[in-house]
Each structure stands twice: as structure tokens, then as C-alpha cells.
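Asks: Sequence:
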Amino acid sequence: MRNPERIPAILHTLREFWEKHPDWRLGQLLVNIAKPSEPCPQIFYLEDDVFLERLQEMSKSDDSKSKL
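Once you know that position 38 of the sequence shown is 38 in this note's numbering, the rest is easy, because the numbers rise by one and skip nothing.
In short, the hints are calculated from the structure, not lab data.
Any given hint might turn out to be false.
Unchecked claim - Estimated spans, in silico, between C-beta atoms of each pair:
1) Asp63 <-> Asp23: 31 to 41 Å
2) Ser61 <-> Lys20: 12 to 22 Å
3) Lys20 <-> Lys65: 35 to 45 Å
These figures come from a predicted structure and were not determined experimentally.
Don't be surprised by glycine CBs; every beta carbon is placed ideally from N, CA and C.
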């Protein structure tokens, strides 16, 4: 299992960087950081409102599974 203590540092730094580039979408920011060898248009062009909606759906689904 990966060390969960890495999460706050990553999120803090991500937030600081993103606030310097507020016109970037989250997917655009992640692709620019990762620099993949192949283009990732599904991530790069994913609008933040769609990302948030999908994340919330996954979170609800994950919550319901953990209650079983």
C-alpha cells in the first residue's frame, strides 16, 4: 500500500500551481505535468464540471460498496 501521507502534500502543491494557472482545466494540468508520450485528449479536454460530476458519482458508488 502506498503511504497515504503523500496525498496532502500533492494536493497542496497541485492547488498552488493550479491557482497560478486558473484557466487550465484539471485534466489539462495533469497531462501537462505528466508529459505522456501519446496525446490524451479525453483527459486534456475534460471540462472540470464533467470531471467533478464523474468524481462525485464514483465517490457515491464507492461509498455504497463499502457499506456492504
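Asks: None of the hints should be skipped; say for each whether it holds.
Replies: So, going through the hints one by one against the coordinates:
| no. | hint | in the structure |
| --- | --- | --- |
| 1 | Asp63 <-> Asp23: 31 to 41 Å | 32 Å, holds |
| 2 | Ser61 <-> Lys20: 12 to 22 Å | 33 Å, violated |
| 3 | Lys20 <-> Lys65: 35 to 45 Å | 37 Å, holds |
Of the numbered hints listed earlier, the single one contradicted by the structure is hint 2.
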